[in-house]
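Number of protein chains: 2
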Amino acid sequence: MGVTIKDVARAANVAPSTVSRVVANHPRISEKTKQRVREAMEQLGYHPNYQARSLASKSSQTIGLVMPDSTDRIFQNPFFPEVIRGISKIAHSREYAICMSTGETEAELYDGVVRMVQGGRVDGLILLYSKINDRVTNYLKERDFPFVMVGKPHTDMDAINHVDNDNYSAAKEITEYLIKKGHERIAFVGGSPDMVVTIDRLEGYKQAITQASLTLHDEYIVREKVLREGGEEAAIELMNLPNRPTALIVTDDMMALGILRVLNEIGVNVPKDVSLISFNNALITEISQPPLTSVDIQIFQLGYQAGKCLIEKLEQPDEPTKRIIIPFKLVERNSCDNYRASTQKDVKKKK
Amino acid sequence: MGVTIKDVARAANVAPSTVSRVVANHPRISEKTKQRVREAMEQLGYHPNYQARSLASKSSQTIGLVMPDSTDRIFQNPFFPEVIRGISKIAHSREYAICMSTGETEAELYDGVVRMVQGGRVDGLILLYSKINDRVTNYLKERDFPFVMVGKPHTDMDAINHVDNDNYSAAKEITEYLIKKGHERIAFVGGSPDMVVTIDRLEGYKQAITQASLTLHDEYIVREKVLREGGEEAAIELMNLPNRPTALIVTDDMMALGILRVLNEIGVNVPKDVSLISFNNALITEISQPPLTSVDIQIFQLGYQAGKCLIEKLEQPDEPTKRIIIPFKLVERNSCDNYRASTQKDVKKKK
DNA sequence: TTGTAAGCGTTATCAG
DNA sequence: CTGATAACGCTTACAA
Numbered sequence: 001m002g003v004t005i006k007d008v009a010r011a012a013n014v015a016p017s018t019v020s021r022v023v024a025n026h027p028r029i030s031e032k033t034k035q036r037v038r039e040a041m042e043q044l045g046y047h048p049n050y051q052a053r054s055l056a057s058k059s060s061q062t063i064g065l066v067m068p069d070s071t072d073r074i075f076q077n078p079f080f081p082e083v084i085r086g087i088s089k090i091a092h093s094r095e096y097a098i099c100m101s102t103g104e105t106e107a108e109l110y111d112g113v114v115r116m117v118q119g120g121r122v123d124g125l126i127l128l129y130s131k132i133n134d135r136v137t138n139y140l141k142e143r144d145f146p147f148v149m150v151g152k153p154h155t156d157m158d159a160i161n162h163v164d165n166d167n168y169s170a171a172k173e174i175t176e177y178l179i180k181k182g183h184e185r186i187a188f189v190g191g192s193p194d195m196v197v198t199i200d201r202l203e204g205y206k207q208a209i210t211q212a213s214l215t216l217h218d219e220y221i222v223r224e225k226v227l228r229e230g231g232e233e234a235a236i237e238l239m240n241l242p243n244r245p246t247a248l249i250v251t252d253d254m255m256a257l258g259i260l261r262v263l264n265e266i267g268v269n270v271p272k273d274v275s276l277i278s279f280n281n282a283l284i285t286e287i288s289q290p291p292l293t294s295v296d297i298q299i300f301q302l303g304y305q306a307g308k309c310l311i312e313k314l315e316q317p318d319e320p321t322k323r324i325i326i327p328f329k330l331v332e333r334n335s336c337d338n339y340r341a342s343t344q345k346d347v348k349k350k351k
Numbered sequence: 001m002g003v004t005i006k007d008v009a010r011a012a013n014v015a016p017s018t019v020s021r022v023v024a025n026h027p028r029i030s031e032k033t034k035q036r037v038r039e040a041m042e043q044l045g046y047h048p049n050y051q052a053r054s055l056a057s058k059s060s061q062t063i064g065l066v067m068p069d070s071t072d073r074i075f076q077n078p079f080f081p082e083v084i085r086g087i088s089k090i091a092h093s094r095e096y097a098i099c100m101s102t103g104e105t106e107a108e109l110y111d112g113v114v115r116m117v118q119g120g121r122v123d124g125l126i127l128l129y130s131k132i133n134d135r136v137t138n139y140l141k142e143r144d145f146p147f148v149m150v151g152k153p154h155t156d157m158d159a160i161n162h163v164d165n166d167n168y169s170a171a172k173e174i175t176e177y178l179i180k181k182g183h184e185r186i187a188f189v190g191g192s193p194d195m196v197v198t199i200d201r202l203e204g205y206k207q208a209i210t211q212a213s214l215t216l217h218d219e220y221i222v223r224e225k226v227l228r229e230g231g232e233e234a235a236i237e238l239m240n241l242p243n244r245p246t247a248l249i250v251t252d253d254m255m256a257l258g259i260l261r262v263l264n265e266i267g268v269n270v271p272k273d274v275s276l277i278s279f280n281n282a283l284i285t286e287i288s289q290p291p292l293t294s295v296d297i298q299i300f301q302l303g304y305q306a307g308k309c310l311i312e313k314l315e316q317p318d319e320p321t322k323r324i325i326i327p328f329k330l331v332e333r334n335s336c337d338n339y340r341a342s343t344q345k346d347v348k349k350k351k
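As they're listed, the protein sequences go chains A and B. All residue numbers in the first sequence are consecutive under the UniProt record's numbering, ending with 351. All residue numbers in the second sequence are consecutive under the UniProt record's numbering, ending with 351.
There may be inaccurate statements among the hints.
The list cannot tell twin chains apart, which means a pair is met if one copy fits it or any two copies do.
Claimed, not checked - Below, in silico cross-link-like pairs of lysine to aspartate or glutamate (EDC-like), each with a Cα-Cα straight-line distance of 20 Å or less: (1) Lys58 with Asp7; (2) Lys34 with Asp7; (3) Lys32 with Glu286; (4) Lys172 with Glu332; (5) Lys89 with Glu106; (6) Lys180 with Asp318; (7) Lys89 with Glu108; (8) Lys172 with Asp144; (9) Lys313 with Asp144; (10) Lys141 with Glu319; (11) Lys172 with Asp69; (12) Lys141 with Asp111; (13) Lys225 with Asp69; (14) Lys322 with Asp144.
It should be emphasised that the hints constitute simulated quantities derived from the structure, not laboratory data. In this text the structure is predicted, and so the values were computed from the model without any measurement.
Sequences and hints are given; from them, build the entire structure.
Here is the structure:
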């Protein structure tokens with residue numbers, strides 16, 4: 001295919017090993033030869049062969065990305081491009097390549113990961129999801145293969161590098177935010193119940209409700225597997241409740257958007273009749289009408305820090321296990337309003 | 001790191017080369033030894049080392065993905081996850097890995113590609129964009145490196161494998177669709193003017209307008225670099241025109257969504273006052289209110305076929321250059337209506 | 001500071 | 001049908 005280290009060596013009148021050293025910027029090499037070799041490289045258009053390098057050095061300088069299985073349409077969630085952008089950024093600057101692994105089913109995905117790992121294609125992995133009892137996670141832990149998780153591990157928190165938001169606090173905070181606005185009947189619409197993020201946020205929500213001495217209604221809690229369709233059905237059911245909620249916490253912008261639509265269809269106005277608040281702060285929250293109040297979880301940072309953490313681990317294997325918490329920020333737009341009893345049929349107290 | 005071909009050979013009492021043959025499913029090998037070797041592999045948990053394999057066979061079995069530079073927020077466009085899903089599907093089934101290349105600037109991106117190519121990291125590339133005078137494209141053409149483009153090449157159409165929609169016809173068709181609905185003042189809001197897709201669609205639009213003997217107003221044609229913000233400004237300008245359009249063709253769903261919002265804000269109702277039709281048929285078109293009429297360009301297929309085309313090229317280098325056209329389909333939702341003069345101040349004729 | 005030579009884990013070319 | 005053996009392009013002791 002191309003020009004090899006030997007060609008360069010010949011051209012520069014040095015040994016191949018010297019060229020290798022120049023490429024690696026080895027300190028004990030004279031400036032003179034460095035110059036000479038670099039010129040030769042330039043002239044011949046030399047580029048190191050990564051396969052050979054990997055083979056010899058037993059490191060591929062590439063990071064593997066593991067997506068959740070793409071059976072549902074979760075993939076269309078802008079979350080992924082954005083984390084990837086963050087990971088790319090740091091990877092690029094540290095000269096790591098990025099390899100993706102996807103699969104339609106969990107088994108396919110697992111297979112892909114095993115091949116990547118055992119085949120030596122990647123030095124480490126970043127898991128772009130966190131769910132309970134995950135085969136991939138178990139496999140990696142068992143093999144003691146370097147990886148970092150975006151999200152909170154369900155078990156072994158202290159043994160798994162991860163970068164996450166404080167989802168518990170975030171959910172608690174926005175619930176309190178709604179309570180402060182006078183809402184007492186607040187519903188929670190979460191994603192798949194086996195995603196850790198759902199669990200955490202639900203916990204924060206519950207805590208806030210309880211702490212405010214409000215009653216926790218089971219009917220107000222919905223967790224749906226499918227990102228969109230589920231949310232929409234859930235919304236209708238919630239609205240059909242005899243004592244329907246006046247505010248909705250939705251754990252994903254896309255889902256919230258879907259809910260917004262059905263609400264409109266059945267004549268429920270946001271934010272007048274129902275307040276809506278969601279997570280992720282994707283581009284669409286700005287575009288939506290009304291623009292959605294949403295929790296900015298800093299997806300880009302999530303990715304960037306995950307990448308950084310992994311690379312550090314790879315380059316200094318004795319680096320301690322880390323837990324990195326990315327701050328969140330509530331971005332207020334126009335989907336939340338104060339509770340006004342007057343607009344509701346089933347009036348309670350409250351002015 | 002792990003168990004190698006030699007370990008397996010020893011365990012099965014054969015030569016390493018025999019193991020290699022078994023892995024490759026070489027025909028001239030007895031069933032007996034195949035069995036024996038396979039058992040040994042199973043027992044030892046053998047997985048071939050890809051780096052070594054690549055080095056020896058001079059093929060990496062991986063496909064590189066080249067994204068557009070991520071300076072604007074184009075990356076948040078659901079187009080990308082979806083093409084990637086398509087590419088993944090075929091890649092997975094043919095046992096190819098996927099390597100991503102991104103960069104913030106064009107230069108960074110170009111660098112990444114060169115490293116991938118010259119470093120032997122990938123056997124071929126898929127470009128997920130098509131723009132005029134692209135450095136990456138030129139480089140690949142010059143080196144005669146296998147690649148396929150998603151979209152239509154600006155030049156050398158016959159020499160570049162590509163998969164595309166017939167964007168000219170698509171645009172023409174939807175323009176005619178609007179004309180049939182009675183619209184005579186139809187505006188075109190496209191993306192960056194140096195993306196080939198913008199050029200093609202604009203051409204189709206123009207053709208339809210001219211063929212219907214309507215006048216082509218320059219003020220009705222807008223091309224904006226930035227995906228969202230641009231579109232929104234454009235919409236306001238269009239609406240401020242003395243003779244404002246009654247229908248808008250927007251070349252991207254996200255953009256259309258943004259436009260939809262500003263239209264609402266300035267009191268212009270879609271579809272009553274203005275009809276809106278867009279491209280891509282992303283999930284958000286269903287969620288939007290009103291749901292958007294959009295052209296389904298079958299993004300998944302675009303990716304799948306691009307992957308297939310590349311792999312075929314890689315495995316049979318004498319495969320002729322291909323041009324694959326994926327059919328589109330207009331998906332009617334609720335953002336288009338018949339033109340009704342009554343709702344407009346500046347009444348023309350037309351019933 | 002630089003050169004020599006032995007791998008890294010495969011595949012491929014010959015023999016047999 | 002199977003076994004030696006030489007690459008593949010690079011890194012890295014070990015020498016010099």
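Quick rundown of the hints versus the structure:
no., hint, result
1, Lys58 with Asp7, "between (24 Å within a copy, 18 Å between copies)"
2, Lys34 with Asp7, "within (16 Å within a copy, 41 Å between copies)"
3, Lys32 with Glu286, "neither (57 Å within a copy, 65 Å between copies)"
4, Lys172 with Glu332, "within (16 Å within a copy, 42 Å between copies)"
5, Lys89 with Glu106, "between (28 Å within a copy, 14 Å between copies)"
6, Lys180 with Asp318, "neither (47 Å within a copy, 70 Å between copies)"
7, Lys89 with Glu108, "between (28 Å within a copy, 10 Å between copies)"
8, Lys172 with Asp144, "neither (35 Å within a copy, 57 Å between copies)"
9, Lys313 with Asp144, "within (12 Å within a copy, 39 Å between copies)"
10, Lys141 with Glu319, "within (16 Å within a copy, 44 Å between copies)"
11, Lys172 with Asp69, "neither (29 Å within a copy, 38 Å between copies)"
12, Lys141 with Asp111, "within (16 Å within a copy, 35 Å between copies)"
13, Lys225 with Asp69, "within (13 Å within a copy, 33 Å between copies)"
14, Lys322 with Asp144, "within (15 Å within a copy, 45 Å between copies)"
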